[in-house]
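S.K.: With the sequences and hints as input, model every part of the structure.
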Amino acid sequence: MVFVTGDPMIYGADASIALVSIGIVAVLTYFKKWKWLWEEWLTTVDHKK
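Everything in the sequence shown is counted per the numbering used here, starting at 16 for the first residue and increasing by one.
Any given hint could turn out to be false.
What the hints assert, rightly or not - Computed list of lysine to any residue pairs in SDA-like fashion (alpha-carbon distance at most 25 Å, straight line): (1) K63 x L52; (2) K50 x D29; (3) K48 x K63; (4) K63 x L43; (5) K63 x W53; (6) K63 x I39; (7) K47 x A28; (8) K48 x I25; (9) K47 x I37; (10) K63 x W49; (11) K47 x D61; (12) K48 x T59; (13) K50 x G27.
Read the hints as simulated data drawn from the structure, not as lab findings.
Small disclaimer: the values here were computed from a predicted structure and weren't measured.
M.R.: Set out below in structure tokens:
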């Protein structure tokens, strides 16, 4: 069960997290930044980032 309570604040938080996540994926795809994200942030060995 995804929704635990019937509280509107919880539903709003769930919806906003989903929309922001979809938005981030859309922006990364639109600007073609997946390779940059992978190479510069996720797999970098630079400890200062």
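S.K.: All the hints need checking, so say for each whether the structure fits it.
M.R.: Verification of the hints:
no.: 1; hint: K63 x L52; verdict: holds (16 Å)
no.: 2; hint: K50 x D29; verdict: violated (29 Å)
no.: 3; hint: K48 x K63; verdict: holds (21 Å)
no.: 4; hint: K63 x L43; verdict: holds (23 Å)
no.: 5; hint: K63 x W53; verdict: holds (16 Å)
no.: 6; hint: K63 x I39; verdict: holds (24 Å)
no.: 7; hint: K47 x A28; verdict: violated (28 Å)
no.: 8; hint: K48 x I25; verdict: violated (32 Å)
no.: 9; hint: K47 x I37; verdict: holds (15 Å)
no.: 10; hint: K63 x W49; verdict: holds (21 Å)
no.: 11; hint: K47 x D61; verdict: holds (23 Å)
no.: 12; hint: K48 x T59; verdict: holds (15 Å)
no.: 13; hint: K50 x G27; verdict: violated (32 Å)
When the structure is compared with the earlier hints, violations turn up for hints 2, 7, 8, 13 and for no others.
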